[in-house]
Amino acid sequence: MSNAARTNWLRELIRKPFFWGVIAIFALLALNVLKDPNYLAITVNPVNGNLVGNVIDILRASAPILMIAVGMSLVIATGGIDLSVGSVMAVSGAVAMVFMKDAGQSGSVGVALGAIGLALLVSALLGAINGVLVAYIGLQPFISTLIMMLAGRGIAKVITEGQNTSATNDPFRWIANGFVIGLPVVFLLAIAIVIVVGLVVRRSALGLMIEAIGINPKASRMAGIKPSGLLLTVYILSAVLAGVAGIMSVGTVMTVDVSRTGYQMELDAILAVVIGGTSLAGGKFSIGGAVVGALLIATLDKTIVFLGISSSATPAFKAIVIVVLCLLQSDRVRSWFVQRRKPPQLRPESLPAKPKQEVAA
Amino acid sequence: MTIVQNPQIDAPDQESTASKLVTRVKRVVASNPSVLPTVAAIVIFIGMVIYGELAYGRIVQYNTLSNLLINNAHLIILAVAMTFVILTGGIDLSVGSVIALSSVAGVMLANAGWNPWIVILLMVLIGTLFGLASGILIQYFNVQPFIATLAMMFLGRGLASLLSTQPERLAEESPIRWLGEQFKIIDGPKVNDVVITPGVIIALLVVFGAFFVLHRTRTGRTVYAIGGSESSSALMGLAVPRTKVLVYVISGTLSGIAAVVYTSRLGIAQNITGIGWELDAIAATVIGGTLLTGGYGYVLGSVVGALVLGLMNVLITRDGGIPPEMTTIITGGILLIFVLLQRAVTSKRHT
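Just so you know, the protein sequences line up as chains A and B, in that order.
So the first sequence is numbered by my numbering: it starts at 159 and just counts up by one.
So the second sequence is numbered by my numbering: it starts at 754 and just counts up by one.
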């Protein structure tokens, strides 16, 4: 009996959509350990008591991806997509950098807060434009966010006058490079935001409503959900989270490079969502899955650098993974797997389990 | 077209013909509101030409207009490609990165001493292959068009970066450059010549071919029918699956041809070539009057749309006061206005 319970528990775990993502993270880490047995070692910096190690680096690198992945998973759940996250990152970084450069005062907390506030405000505005176009005017999401993706980079260039802009501000820098209780601030911040967003959407009816819009907008309206306001909120939230990601990624080097900051981050965001087991067709989301996806991407990026593979190969590899995962989500491929699984099901002792497994498949 | 129409509108002694033309256009628009965006595009193009001539001068002359064609030959081809896809209600976001991959691969192969004909063929085939992959994903695996072509976009860009991240220069003596060579047709005073490149001829052939296929063949009617209603056309017994894959193959192949035309003119290929060209191609198609939801559209309108975008670039350069970074913002804005216009027109028709 206990044995059966254990296998059930295991089956539950395997059935979790992001199970394979977790396995992939461990596989990548194991690969790194093969190359360098001390890869996972975490040491304490004797001077300031901070934790130092490759794993900490991975956590730090995962912070911006976490932000955009969570935003993207909510947008995809409504049946839409947000292609503008990378450009919003660039705009947000550009706004923050130009503001701090003009303000000077490298030690001022007020300037840092002002830069962050302004950057998030501009991001929210861009998100609101996306949201209004999608929710109230009824444009296809990928068209309005595609326009924003390309125009956004233009906006970032106009803000910085086409130059890479640097600024010095210690409190702002601390967000990206600082440590609290030995852990990087960015990661703690990202996790805190993810938990807040997760609690808000999962402990209230919001998450269900978002999924309802993705499953059938007309039916959800008839059930008393107002899709327009909710869609607008989701696009604004996605843009604000992208703005936070932009602040995190420019904060590490305190420079915004308008053509590189957030470049192709849409790829990472979509990849993280698909790895998390969310269907790109909408109607479902999993914050936990997005977190696993983001961690996997950060691990993958670091592993590729660590193993000395040219990092120019990663986008192509990621694109192939997206294609494969899209294929695995399609009904046609699933039906192939179901057919292959059928022969063992025909054995008499496993017959009662048959309908359950079909539901799972 | 503009050269023919301009004197008709401007000249006072031909007022009767002009007013006749206006009433005729009015009648066409009234009977079929979906041509309104196309008419708007033509009017905008003529308006831009007149404004440019008055504000900056030297627009209505042989070399400016032939340069407009030469510099936008690739965009015209892309707009034609996008028209096919959008007519079925789909989208192809991969055109820009297919061009990047195809041109980087082509230049590297040509510089490695491959036969130029084989190189050109391969460049086109790379596009075909990407289109085929998108089409199969969309038709047989039910992936949404924008997701499938978005994945192809990332894949193309990634493979191009894998090949090279440096600008690859086509050797000066390479025969492929011949496609971008300029030939004088009419030798005007000073540099005011009518010039043409083989690339422009290819673009025009593509346009005529597309016009023929869309309006004179069964495949073309099927393309329109799918955009109108996919399930109805399937019930009517039209070859829906084959045609849907075919439009993406056409789009990919034309992207490959656009890569050949563009590379031969510029002589340089880079992995960041063609960023944002999806938007230009979509904008050209939409400005030209093709409905984003599919079913209505004109391939010749898309050509006008591409020329509007090209002329806009010329005017921005001539003006000098607008920073070049604004170009994508303006393109996006124009696209947005036209999409809104389309929605207004279609909602009027439905009520």
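It is worth saying that the hints were derived from the structure and are not from the lab.
Check the hints yourself; a few may be wrong.
[Claimed, not checked] With a straight-line Cα cutoff of 25 Å, these simulated DMTMM-like cross-link-like pairs (lysine to aspartate or glutamate) come out: (1) A:Lys376 with A:Asp260; (2) B:Lys937 with B:Glu925; (3) A:Lys193 with A:Asp260; (4) A:Lys259 with B:Glu925; (5) A:Lys376 with B:Glu983; (6) A:Lys174 with A:Asp328.
Quick caveat, the model's predicted, so the values are computed rather than measured.
Against the structure, the hints:
For the given pair, lysine 376 of chain A sits about 49 Å from aspartate 260 of chain A by alpha-carbon distance, which is inconsistent with the 25 Å threshold. The suggested pairing of lysine 937 of chain B with glutamate 925 of chain B holds, with an alpha-carbon distance near 21 Å, which does not exceed 25 Å. Using a Cα cut-off of 25 Å, the hinted pair lysine 193 of chain A and aspartate 260 of chain A is violated, with the two alpha carbons roughly 47 Å apart. With a C-alpha separation of about 46 Å, the suggested pairing of lysine 259 of chain A with glutamate 925 of chain B is violated against the 25 Å cut-off.
Taken as a hint, the lysine 376 of chain A and glutamate 983 of chain B pair is honoured in the structure, with Cα atoms around 21 Å apart against an allowance of 25 Å. For the hint pairing lysine 174 of chain A with aspartate 328 of chain A, the CA-to-CA distance comes to about 42 Å; that exceeds 25 Å, so the pair is violated.
The earlier numbered hints that this structure contradicts are 1, 3, 4, 6.
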